[in-house]
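*Asks:* In case you want the letters, here they are:
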Amino acid sequence: MVYEVTINGHVKRVELSRQNGGGWLCSLEGREVLLDVQVINPDVVSIVYEGKSFEARKDYSSAVHRIWIQGESYAAEVNDPRSFSGRKKRAGQEDGPRRLTAPMPGKIVRVLLEEASEVEAGQGIMVIEAMKMQNEIKSPKNGRIQKIQAQAGTSVNAGDLLAIVE
Amino acid sequence: MKPFVFVPHLHGRAVKIKPVACKRQNFNKILISNRGEIAVRIIRACREMGISPVAVYSEADRTALHVRKADEAYAIGPAAASGSYLNMDRILDAAKKSGAEAIHPGYGFLSENEKFAQACADAGIKFIGPTPHSMQQMGSKTQARLSMERAGVPIVPGTSTAVRSSAEAVTIAVKIGYPIMLKAAAGGGGKGMRLVNETKDLESALQSAQSEALRAFGDDSVYIEKAIINPRHIEVQILADEHGNTLYLGERECSIQRRHQKVIEEAPSPFVDDEMRRRMGETAVLAAKASGYTNAGTIEFLADANKNFYFLEMNTRLQVEHPVTEFVTGLDLVHWQIRIAQGEKLPFAQKDVQLRGHAIECRVYAEDPENNFFPSPGIITKLGEPSGPGIRVDSGVYEGWKVPIDYDPLLAKLIGFGTDRQQAAAKLRRALDEYFVGGIKTNLALFKQILDDPRFIEGNLSTAFLNNYPKPPEPTGNIESATIAAALFAAIHPSANGNGVSPQSKPNETSSSAPSSSWKRSARREALQ
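In the order they appear, the protein sequences are chains A and B. Just so it is clear: in the first sequence, position 127 is 127 by the numbering used here, and no numbers are missing. Just so it is clear: in the second sequence, position 41 is 1041 by the numbering used here, and no numbers are missing.
Note that these hints are calculated values from the structure, not bench results. Honestly, I wouldn't trust all of these hints.
Taking CB as the label site, the calculated pair distances span [claimed, not checked]: (1) B:R1430 / A:P42: 25 to 31 Å; (2) A:P97 / B:V1174: 48 to 54 Å; (3) A:E115 / B:G1459: 47 to 53 Å; (4) B:E1275 / A:P42: 53 to 59 Å; (5) A:E15 / B:E1370: 47 to 53 Å; (6) A:G22 / B:T1476: 43 to 49 Å; (7) B:R1044 / A:Q38: 34 to 40 Å; (8) B:T1063 / A:Q38: 43 to 49 Å; (9) B:R1430 / A:G21: 55 to 61 Å; (10) B:D1219 / A:Q146: 53 to 59 Å; (11) B:R1068 / A:E118: 22 to 28 Å; (12) B:I1457 / A:R13: 37 to 43 Å.
One-sided excerpt, in silico: chain A residues whose CB lies under 8 Å from chain B [said to hold, decoys possible]: (13) G23; (14) W24; (15) Q134.
Don't be surprised by glycine CBs; every beta carbon is placed ideally from N, CA and C.
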């Protein structure tokens, strides 16, 4: 099996094949190592190779998948290079309208700016209350408020559109 | 032979405790009018003392840990705290139904509400805390300032009454000079608090402080204090029995804060020497005695670089960060709260209180450090809590539980104890690497960053420590291992790699097979090979 693995932005090609007797032969950038792998539970594996021992845990419960090793967390993406479906489209648009969405479920307490008003990066647009704390939703850029979607007093869910800054 | 009870101390010395014969009422049952980690912590103390713990819970908390651990539990209303954990009638009803002789209020909620303490007294139930009178004196921050001023305790310049209008606020702010701090008179926990640097920001800050105060405490009174720049936040724990004995149990430094919420606390403070400790302790005892204070309480001070300190407020309850004091004094504060409420005299004197070692606490919150520390409620899919020498975890959560959105996002407290500050930090740092919370975001990475920060290591702390704090650096030590592990997880559980990618070289099945059971598939494959 061949995988293209991206860890914190570093892309590497990994080839794995299962050996008789339970180990895995791993080819990583032309280097071949024999891995002794024990599955501790569906999320945790213990790996021993070349005298090195470590435990890895996966946490794929949010959009960015993470691999944890010794308390450190690494953003991980695994693709089969022969499959096109696994390719992720990169969305890095800094220009153009930016959608502000609710980062958590909560209640809109106040809307500080009106549609069409000018806004500076870091300026508060509205105040949302969740878990007893009031937090300002701030503009990610200098620009103009194209749309205010949320109204004071209403509840919102995580991901709901609050405003668009252009 | 006279019996002695010893509080064992980890470093050989002990606080010698002589039992004192006096009129006392032993509790058989205590109701805990709180939730989360503190309710669990009090339940544990009750069990240790042979007392039956009674829980109360809102509709959001039926499956909460404190309900699971109690002997009895009573539903007291809806998820919103105003209808449940702040609902005095429902809580007193539960106390009467259960036959509890006392109520422990924990921290937050009704813990500093003198009306509740009075209602308990009227119902013949012992409130584990100070009297309504001293709560009322100390509970209103403006009134506390007045009485401290009279008792000769140093206070920060500002108003000792609530401001009535934004125009009045501007006049006062200009008079004492910016920057100023707006504070909720009934406040605590950083709620209803705003730093204001100039007049143009004052009106909106006042409005939001007032509305936050109203929501959190049912009282929108806000007062003004001169802001002391980059101060240290140092507080003194006191313990007072109902027979006139008041002792100080050393200090805690809680300078590392975000948005006026404490993040890391430690005891003793790396800044305080013996002489300053004695001065602060005696001032704290003076402050407590001025209000006739009984039970456990904390006097908070702001300290400047010249070791001047000013009274900030008194917390008339158990503090979140009480475990660091427990470690360095060897005293169990919840046990002593209960024993004092039972009428016991403190059987040791100030000279018997010796500090040993060093303890540091991290407040583990459900919040997202990568997204401006917004709260991150949700289901805890995986939980691995640390343990081992010198580590204490006071947790209110468990694996599979959904953290509700209705309450404070504190999940647990992680405390490390060592012979000195460096060893305590090393134990804590090790434990942080063992700690895993899956499914929701937490601030665990922030603690690792702080413990590795040279300013923290030197003990160079201030309340500005976390201002403009950088994001945690990307780890680099285990990239190769992580790469191998990610590929292995994909190979072991093909459909669980999350990208919808099925490696095409799997034996014994086709890529169009139903995705019904990858567990069965991989189990079958592993069995075959």
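*Asks:* Each of the hints needs a verdict: does it hold here or not?
*Replies:* Verification of the hints:
no., hint, verdict
1, B:R1430 / A:P42: 25 to 31 Å, "26 Å, holds"
2, A:P97 / B:V1174: 48 to 54 Å, "42 Å, violated"
3, A:E115 / B:G1459: 47 to 53 Å, "50 Å, holds"
4, B:E1275 / A:P42: 53 to 59 Å, "58 Å, holds"
5, A:E15 / B:E1370: 47 to 53 Å, "33 Å, violated"
6, A:G22 / B:T1476: 43 to 49 Å, "31 Å, violated"
7, B:R1044 / A:Q38: 34 to 40 Å, "36 Å, holds"
8, B:T1063 / A:Q38: 43 to 49 Å, "33 Å, violated"
9, B:R1430 / A:G21: 55 to 61 Å, "35 Å, violated"
10, B:D1219 / A:Q146: 53 to 59 Å, "39 Å, violated"
11, B:R1068 / A:E118: 22 to 28 Å, "53 Å, violated"
12, B:I1457 / A:R13: 37 to 43 Å, "40 Å, holds"
13, G23, "11 Å, violated"
14, W24, "7 Å, holds"
15, Q134, "5 Å, holds"
Violation of the numbered hints given earlier is confined to hints 2, 5, 6, 8, 9, 10, 11 and 13; the remaining hints are satisfied by the structure.
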